[in-house]
Amino acid sequence: MRLRTLMLGSCALAACTAPERETETAMGGEAGISVDPSLGGEDGESGLDDDGDDDGDDSENLDVGVGTGTPVDCPEGQVCDECNLMEHVPCDESTTDITNAIGLNCAGESPVTGTVDGNPLAIGLRSGFGSTMQWAPREGEKFAVLGSGYIGDLDMPTPGGDLDVQPTHCNDDLGDQFDPGQALPAPLQTNNVTGDCVMDPGLLGSGDCSNTINGQFTQGNAAYDYTEMRIVGMVPPNSNSIAYDFAFFSTEYPFYYEMEFNDMYIGWLESESWTGNISFDQQGNPISLNAGFLDFRDDGGGRPEFAGTCMARHAGTKWLSTTAPVTPGEQITVVFAIFDLSDSILDSYVFIDNFSWGCEGTDHPSTTPVG
Numbered sequence: 035m036r037l038r039t040l041m042l043g044s045c046a047l048a049a050c051t052a053p054e055r056e057t058e059t060a061m062g063g064e065a066g067i068s069v070d071p072s073l074g075g076e077d078g079e080s081g082l083d084d085d086g087d088d089d090g091d092d093s094e095n096l097d098v099g100v101g102t103g104t105p106v107d108c109p110e111g112q113v114c115d116e117c118n119l120m121e122h123v124p125c126d127e128s129t130t131d132i133t134n135a136i137g138l139n140c141a142g143e144s145p146v147t148g149t150v151d152g153n154p155l156a157i158g159l160r161s162g163f164g165s166t167m168q169w170a171p172r173e174g175e176k177f178a179v180l181g182s183g184y185i186g187d188l189d190m191p192t193p194g195g196d197l198d199v200q201p202t203h204c205n206d207d208l209g210d211q212f213d214p215g216q217a218l219p220a221p222l223q224t225n226n227v228t229g230d231c232v233m234d235p236g237l238l239g240s241g242d243c244s245n246t247i248n249g250q251f252t253q254g255n256a257a258y259d260y261t262e263m264r265i266v267g268m269v270p271p272n273s274n275s276i277a278y279d280f281a282f283f284s285t286e287y288p289f290y291y292e293m294e295f296n297d298m299y300i301g302w303l304e305s306e307s308w309t310g311n312i313s314f315d316q317q318g319n320p321i322s323l324n325a326g327f328l329d330f331r332d333d334g335g336g337r338p339e340f341a342g343t344c345m346a347r348h349a350g351t352k353w354l355s356t357t358a359p360v361t362p363g364e365q366i367t368v369v370f371a372i373f374d375l376s377d378s379i380l381d382s383y384v385f386i387d388n389f390s391w392g393c394e395g396t397d398h399p400s401t402t403p404v405g
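So in the working numbering, the last one in the sequence shown is 405, and the numbering has no gaps at all.
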């Protein structure tokens, strides 16, 4: 199970104790995303809307800050510098709502609005992948899937003798209408900023605060087969960070490994604390074949994790976790986007799960392997 933030106020005077004070936003509703059960996915589910492992059972006390570490204002005589966490109850067992699948819009939690954009056959839900439990859901029973190709191809085994440069499966053109070219949909920007957005907040909104997108994107010149999910919501008043888990896969391996023409995954945050990509490795590489997380490389086609899938003889990551700063009470937009670069062939996919609000007081985004 996962834990959600709940603020408790306690009287600092020896003779009294203040009552419990909950500041969690009121119960949220559905995000309005409808699903056509005939579209892709292991369970035959998809999360398209009309617009287009566990963390443990124990509570953990963490310091609460505003934005990049400023303490939350506290009523005189009370101690409010701890963040006590309440249990999150997953709500995706029987849902076809893509926001529920990643851990959002469950009962009693801060509501968000979720939308998707792209070819409907490139968006969906799954309850696992491959012949092992390596990619079991990180939260609940399902996770979201976005691809630069059809997600139904994921369960098609790589044929013997398949050409790495032209695989039989997971090698789709989603259509010209999903090719944004040299400019990604707003608010995504590919240009670098001229400094550190944390040290100089005036840079916010002027480009990608991570400076991780431009180098690879300009080498590829244009984006094709663009697919995204985005969420918009208010940060709970006692939270100053967000976190989510993801895994990345691509049939571009091995033919285009360590080359500049790699498909990309971007996790874009639009907030008062950060505007830019939040998912990248410690060397500043965006999530692609060139990132440092490519643990599953199936050169010989014998990895059991990829047996029975189109990723046999190709590559992917384990579950990774991204954490990023936000400001309590602000409205944020998070865009999960994946696309081909340079052409529309050799597809890549991202699994997304376990989105949560937190109080970790982080200054800059970071991504680390789970476990």
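Bear in mind the hints are in silico, worked out from the structure with no lab data behind them. A couple of the hints might just be wrong.
[Claimed, not checked] Computed Cβ-Cβ distance ranges for the label pairs, DEER-style:
(1) Val266 to Gln216: 47 to 53 Å
(2) Gly342 to Met233: 44 to 50 Å
(3) Pro403 to Pro338: 39 to 45 Å
(4) Gly334 to Asp377: 24 to 30 Å
(5) Ala220 to Ala170: 16 to 22 Å
(6) Ala170 to Val232: 32 to 38 Å
Idealized CB from N, CA, C, for every residue including glycine.
Comparing the hints with the structure gives:
| no. | hint | verdict |
| --- | --- | --- |
| 1 | Val266 to Gln216: 47 to 53 Å | violated, 26 Å |
| 2 | Gly342 to Met233: 44 to 50 Å | holds, 49 Å |
| 3 | Pro403 to Pro338: 39 to 45 Å | violated, 19 Å |
| 4 | Gly334 to Asp377: 24 to 30 Å | holds, 27 Å |
| 5 | Ala220 to Ala170: 16 to 22 Å | violated, 35 Å |
| 6 | Ala170 to Val232: 32 to 38 Å | holds, 35 Å |
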